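This is what each chain is made of:
There are 2 protein chains.
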Amino acid sequence: MTATELDRPSHHDRAAFDEADLDLDLRWWAAANLLTAAQIYLMDNPLLHEPLRPAHIKPRLLGHWGTSPGLTLVHTQLNRLIRRTGHEVLVVTGPGHGGAALLACSWLDGHYSEVHPEVTPDLAGLRRLVRQFSTPGGVGSHAGVHVPGSIHEGGELGYALLHAAGAAFDDPDLLTVCVVGDGEAETGPLAGSWRLPAFLDPARDGAVLPVLHLNGYKISGPTVLGRTSDADVCDYLASQGWAPVVVSGDDPRRVMRELHDAFADAYAAIVDLQQRARAGEDVRPARWPAVVLRTPKGWTGPRVVDDVRVEGSWRAHQIPLTGVRENSAHLAQLQSWLRSYRPDQAFDHDGRLVPELAALSPTGDLRISASTRAGGPRYRVRPLPVPDLARYAVDVPAPGTQHQESTRPLGRLLRDLVTATTRPDGGGDFRLFSPDETTSNRLGDVLQVTDRCTQLPVHPDDVHLGPQGRVMEVLSEHTCEGWLEGYTLTGRHGLFATYEAFAMVAASMVVQHAKWLQQAAVEPGRSATPSLNVLLTSTCWRNDHNGFSHQGPGLIDTVAPLAPEVTRIWFPPDANTALVVAEECLRSRGRVNLVVVDKQEHLQYLDLARARDLVTAGADVWDWDGTEEPARWRIHPPDVVLAAAGDVPTLEVLAAAQLLRQHVPHLRIRVVAVVDLLALLPPGDHPAALDTERFADLFGTDTPVVFAFHGHPRIVHPLLHGRPDPDRFHVRGFTEHGSTTTPFDMVVLNRMSRYHLVLDVLRRSRRAPEGADRLIRLCHQQLDRHREHVLTELDDLPEIRSWVWDPAPLLEEHA
Amino acid sequence: MTATELDRPSHHDRAAFDEADLDLDLRWWAAANLLTAAQIYLMDNPLLHEPLRPAHIKPRLLGHWGTSPGLTLVHTQLNRLIRRTGHEVLVVTGPGHGGAALLACSWLDGHYSEVHPEVTPDLAGLRRLVRQFSTPGGVGSHAGVHVPGSIHEGGELGYALLHAAGAAFDDPDLLTVCVVGDGEAETGPLAGSWRLPAFLDPARDGAVLPVLHLNGYKISGPTVLGRTSDADVCDYLASQGWAPVVVSGDDPRRVMRELHDAFADAYAAIVDLQQRARAGEDVRPARWPAVVLRTPKGWTGPRVVDDVRVEGSWRAHQIPLTGVRENSAHLAQLQSWLRSYRPDQAFDHDGRLVPELAALSPTGDLRISASTRAGGPRYRVRPLPVPDLARYAVDVPAPGTQHQESTRPLGRLLRDLVTATTRPDGGGDFRLFSPDETTSNRLGDVLQVTDRCTQLPVHPDDVHLGPQGRVMEVLSEHTCEGWLEGYTLTGRHGLFATYEAFAMVAASMVVQHAKWLQQAAVEPGRSATPSLNVLLTSTCWRNDHNGFSHQGPGLIDTVAPLAPEVTRIWFPPDANTALVVAEECLRSRGRVNLVVVDKQEHLQYLDLARARDLVTAGADVWDWDGTEEPARWRIHPPDVVLAAAGDVPTLEVLAAAQLLRQHVPHLRIRVVAVVDLLALLPPGDHPAALDTERFADLFGTDTPVVFAFHGHPRIVHPLLHGRPDPDRFHVRGFTEHGSTTTPFDMVVLNRMSRYHLVLDVLRRSRRAPEGADRLIRLCHQQLDRHREHVLTELDDLPEIRSWVWDPAPLLEEHA
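Chains as they are written, first to last, in this note's numbering: chain V, 6 to 820; chain S, 6 to 820.
Hints are computed from structural coordinates only; laboratory data are not their basis. This structure is a prediction, so every number in the text was calculated from the model and none was measured. Wrong hints could be hidden among the right ones.
Label pairs and their computed distance ranges (CB to CB) [as the list claims (entries may be wrong)]:
no.: 1; chain 1: V; residue 1: Gln350; chain 2: S; residue 2: Pro402; range: 54 to 60 angstroms
no.: 2; chain 1: S; residue 1: Gly727; chain 2: V; residue 2: Thr697; range: 23 to 29 angstroms
no.: 3; chain 1: V; residue 1: Asp696; chain 2: S; residue 2: Pro529; range: 52 to 58 angstroms
no.: 4; chain 1: S; residue 1: Asp628; chain 2: V; residue 2: Glu123; range: 51 to 57 angstroms
no.: 5; chain 1: S; residue 1: Pro692; chain 2: V; residue 2: Thr697; range: 37 to 43 angstroms
no.: 6; chain 1: S; residue 1: Pro670; chain 2: V; residue 2: Ala337; range: 53 to 59 angstroms
no.: 7; chain 1: S; residue 1: Arg771; chain 2: V; residue 2: Arg699; range: 44 to 50 angstroms
no.: 8; chain 1: S; residue 1: Pro692; chain 2: V; residue 2: Leu66; range: 33 to 39 angstroms
no.: 9; chain 1: S; residue 1: Arg89; chain 2: V; residue 2: Arg281; range: 51 to 57 angstroms
no.: 10; chain 1: V; residue 1: His742; chain 2: S; residue 2: Arg347; range: 28 to 34 angstroms
no.: 11; chain 1: S; residue 1: Ala25; chain 2: V; residue 2: Gly471; range: 55 to 61 angstroms
no.: 12; chain 1: V; residue 1: Ser333; chain 2: S; residue 2: Ala693; range: 53 to 59 angstroms
no.: 13; chain 1: V; residue 1: Thr697; chain 2: S; residue 2: Asp696; range: 55 to 61 angstroms
With the C-beta cut set under 10 angstroms, the calculated list includes, among others, these residues of chain S facing chain V [claimed, not checked]:
no.: 14; residue: Val310
no.: 15; residue: Arg314
no.: 16; residue: Trp342
no.: 17; residue: Pro440
no.: 18; residue: Ala565
Covered stretches of chain S, as calculated for chain V (at least 3 residues, CB under 8 angstroms) [said to hold, decoys possible]:
no.: 19; segment: 146-159
no.: 20; segment: 180-192
no.: 21; segment: 388-396
no.: 22; segment: 462-468
no.: 23; segment: 557-563
Glycine included, each C-beta is placed from N, C-alpha and C at the ideal position.
Using the sequences and the accompanying hints, generate a full structural model.
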């Protein structure tokens, strides 16, 4: 062999794939297609050992045939690639309707029976495999948690390439193959995700090989890419950093061989690129291989049914032959279709795959369905080495006396976490994801030790920008969220930091991820993955400068109703509490953690020890500011409880408490801080729920409570349903009033200002304490004066007192 | 002039743009840039009639300079194009941070002063213009509702090209110019929206001219497209149906001329394409012109500040010179920067634009800021000719006796609405938008009279597919939602019909649209636009076949907390009610209407008259199924109220009522149907709120209520806060339990089945009626039996009784 030949390994690999190999692969593919169709149609007689009868047909035909033969084709050739190269491959299947195809492949490679011993690798197991599919008490028809080796739920389309990218980051030995359907390719998130080559580092990361599968049709019509020329499809991919090759046709022998060659070439190109990059060569801009696979929808299925074309049309999307129980012609056509796969040549009489086909699957962890990355039994998560928080804690000599940007210490923690988790090759197991807001969100200290990641040209004027950056900035919340999902599902850790309002862009992804985690927690063979941590900052209350479009706490509304076992919503009131919450989230598993804390300067209240106590408690009395000691609770119950969740609400509550203490000293008030929102839920409704006694200790059982809440106030009431007399809670929060204004005007517009809270307290108190009338007048005066100020500001700019709103003096009076 | 010259109008137009024109345009541009920078910095002395002093500088510098000079440049040349051609142009500005630039342009063309008479077209008005910008009580810094001529809020990025497309549909005389920033271009929705040429009909629709503005930087780093070669950027656009031309540089004279030529050429190409298409020529595939504009970020601003590069870098994003009040060097640099725009050459001493520059703006409605499409005073909305519903109504001889797909009659209504609104040229003012689900959602009758729209090749096997289809199917909820938003904001009507779960994909867009409508309702000069109508079907309860990922009522949680004056959430229980609700929504203005109704076969209850009564009432007693007549309410108050919102909840409530009536006849129960969910809110909290007496008539004041709700149950409690004793409401709903199973198993898993409801009623009733113990045992038996069934189904498929769940017999017993 000459040196030149060594440089072109793929040509060698192509030649090694002979006609006998091709025959075997076609037989394996046929077996996979048979089992796919059998799952959709049959409840018995899966290998057609006897002539098909109506009694073999399921009473309800549910499943999706159309995309399946393409998926099994890809699996056939990936199995061969893995066996030849020994390379670890994770497959992400975008066309979610192909669940039956993936289940067929995982049964054929033997792993399914290992995870689900009741589905044995024989005829009895096959019978169970087909019966359980799309059956009550069985398994769903989509790719998802129940598919071994999968990290991707195929129900909501658009995120396949994002998940594949997240899996590839920092895993240099992994090849992630991502099948993208031409339906999914019409979604925005998928369209945006083609930019991956601008971010994927050949030296440090694994590879992503997209297989854009154009079968031409969606549910009921053609796809855009299906009707786009090969030249345009290739230009589309090439212009975004890919080197596409087209495999197209409807002749199985030819397509099977071409796909083999395409994968061999792609693999060789990837290895070459990675080897050169890892040897220190600058390979940028890297053009990553991609495969465009154009085959008929429902390929090898019924070509024409009742004189209407089915194969190669949208009619093959779901059930190509319907009414099979009743229609004997259809039953006969089904039988001849299934028999065309020659079950007798693939399975022995006991229903076991014949040895020469079984030998086509990789073995052990190399099996696609047994990927160690995909949460299976041999999946490992390295705990994060979270540094000692004391290093970052803000000094709080007395509560409420100084201002800090509450997210900045977190940036320092993240900086050291990046240092502690970065390998010598630049890889690691922690990344920060953000839509171009790391510095804006005051997390910029992390850039002292790493860059923003780009594979694109770096200019001399650029700062903190480089190919091995561990900060992933792209102006797409979808991309950030999807990358982080893929990264955590494959066992690594991360944080998605974003403007609160625009986190809502990825809300549906968070919902789907929570559903995945909820199901994974009870799925046999799945291990707990690191949590999805989302930091919501630049919050509604402090987007007084950007205005109404930037004021939206909606993601809280989205997450609160999701499964309690996987959701937490945190409201640290200050920097040290934010550190403790961050540690808790980074160490947790299997959850969606929302952490809501603003980036602007805020008063600081708790030293690290007190912050830990508060986070452990979930909610606690702040006796340094209330009028009573907790011990006196039962002797002198307070007249009103003032509660807060969130930084701005806490400040307003404290200021209100101070006004009350000063003007109506005989009114007994208590201040309660809530940091773990879902702890309010009644016991049994959430693992973090405060127990009955503790809740009563904090809020009493019939005491009026005025609650200042960070988000939409209506989210709080339902959490309290089931607690004693929940209607005594009066909640203020963000009620969709805002504009470009001052921070204080924001709380006034939304009726959550200290003055509104004082009025609420006095209105709700069962006693009319001395001094109340005067305080009520004072509050109205203050609100009137504020309103006048805003209205006259246009004529009177320099005199505006509320440009920067500093309530510190108020609190100092008390300190 | 020869025929050849006539065929190439753009060459003629280029030549007509002489050096004197260029000089004028550069001066107009400078004036616009001056006013932009002045808004950011100055509270006085806007034209620098005296030397700048700290007292002229705003106390808080808020705004975005970086994108602005590009926007004013585009406006300069569009003004020229409009004056030359007389063509109506709507501008959609994606870079939302350019509010000051758009306000400057609209002041310069005189329209701003017409809408806001206090901002006069003179020095006093200029002083007000600069003072109000980013000031409390003033106007926000982003493009938005307060910018005359705009239909696009630039806060949340990604939707500019979608809104532009929606505006262009069916408006053949309109040219929509859409500026897309390179930051926004990284978002998924924007990336997906480049496929517009596959849907835009040159014969029937207006044109969209994208201006992809690559200034290279986001907040703090480079953009992906900014670091992508011209060749790749052009290939990217060309492969998606555009014919891009690059205008690039930092020499104002050269770039101004090249942009003029590019617009002239693009305009000529568009007119040519449209004329040929409208003459009947098949111009497909049409390649639409596009402009790639590559100019420095913050162009013409400070080049270097404190020895650091600013112009042409991310540092120009917001405030290129900071600390101007305190730093005299910065103040001097600001003065020389602003003076570089030669205010003396643009404005007379009274601050009026000099006549030769004023003459550069188009006049009247042709002014960009005065577009008749954009909701201004001359904006017109043609009411929809909704046909008589009686034609579509389902015959309901007796309630609860027959099944219908509840959305199918709506499809017939939409069919006739399409017919009634389609012009001879194929255009019209109603469209249906859906992610490839029109047929799946049982609205397919609309395809009897129109096609799915595509400009791509149509094959002989295709059905209902054509270039003038009025059904817009693209597998992207973002695209559907964004197109509909643009379509309605420009005065036309439509419906977005989608699977309930995946409507959540566009949730953030719905939030932003609601914010737009809320602000537009109080903005001077804005008229009410048609409502955004979203049909949520294929609901959580009936995605028993697709499984958990398809079960998500989250959009209801998202919309419920938004501004009450613009939101409605409807739960028609059957087909006729769905028709009445649809009519109400299609006739309404300025709202977001969610309509939640499933597509599968459901029992039908109300004839058209009763359906109208229910929708008018918002909620009503169903006395044909309750045990009491309304008139007897005060004499014999019911022991328990059973309420329902949604089709599946209604069925379970009716079945529960029947069980109760049969087994505990002495228990007095009442059934209440809620169709307008937000009517539950207390009076004053929502325009649709039931008044206090009406609410008490329906639900009493202390009667226990068991409420079966379609969505997450926790959304209901906060609506009731403020009603008498809301804690007496016990709500069942979707609690995130699901799988591939039977419809009945879905209600059991989520504890909303008839048996659960009966148990809830008996648990809450203050009386222990005779027969209760027996009924409780029966319910537990039924639930146990059901559970056994599901568990044994894998071994026992043919015997499953619950494959199709038909409670009709239960109801018939009563009928």
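Hints and how they fare:
1. Gln350/V to Pro402/S: 54 to 60 angstroms: Distance hint for glutamine 350/V, proline 402/S holds at roughly 59 angstroms.
2. Gly727/S to Thr697/V: 23 to 29 angstroms: holds (26 angstroms)
3. Asp696/V to Pro529/S: 52 to 58 angstroms: holds (55 angstroms)
4. Asp628/S to Glu123/V: 51 to 57 angstroms: Cβ of aspartate 628/S to Cβ of glutamate 123/V: about 52 angstroms, so the range 51 to 57 angstroms holds.
5. Pro692/S to Thr697/V: 37 to 43 angstroms: The hinted range 37 to 43 angstroms holds for proline 692/S and threonine 697/V, with Cβ atoms some 40 angstroms apart.
6. Pro670/S to Ala337/V: 53 to 59 angstroms: Given about 55 angstroms between the Cβ atoms, the range holds.
7. Arg771/S to Arg699/V: 44 to 50 angstroms: violated (31 angstroms)
8. Pro692/S to Leu66/V: 33 to 39 angstroms: The hint (33 to 39 angstroms, Cβ to Cβ) is violated, given that proline 692/S and leucine 66/V are roughly 47 angstroms apart.
9. Arg89/S to Arg281/V: 51 to 57 angstroms: The hint (51 to 57 angstroms, Cβ to Cβ) holds, given that arginine 89/S and arginine 281/V are roughly 55 angstroms apart.
10. His742/V to Arg347/S: 28 to 34 angstroms: violated (42 angstroms)
11. Ala25/S to Gly471/V: 55 to 61 angstroms: Given about 49 angstroms between the Cβ atoms, the range is violated.
12. Ser333/V to Ala693/S: 53 to 59 angstroms: Once the Cβ atoms are compared, 56 angstroms apart, the range 53 to 59 angstroms for alanine 693/S and serine 333/V holds.
13. Thr697/V to Asp696/S: 55 to 61 angstroms: The hint (55 to 61 angstroms, Cβ to Cβ) is violated, given that threonine 697/V and aspartate 696/S are roughly 37 angstroms apart.
14. Val310: Violated, about 13 angstroms.
15. Arg314: Because about 5 angstroms separates arginine 314/S from the closest Cβ in chain V, which is inside the 10 angstroms limit, the hint holds.
16. Trp342: violated (20 angstroms)
17. Pro440: holds (8 angstroms)
18. Ala565: Constraint on alanine 565/S satisfied, holds at 7 angstroms.
19. 146-159: Since three or more residues must qualify, the claim that chain V covers the segment 146-159 of chain S holds, with 5 doing so at under 8 angstroms.
20. 180-192: holds (count 4)
21. 388-396: Since three or more residues must qualify, the claim that chain V covers the segment 388-396 of chain S is violated, with 0 doing so at under 8 angstroms.
22. 462-468: With 4 residues in contact (Cβ-Cβ under 8 angstroms with chain V), the coverage given for the segment 462-468 of chain S holds.
23. 557-563: holds (count 4)
The structure shown violates the earlier hints numbered 7, 8, 10, 11, 13, 14, 16 and 21.
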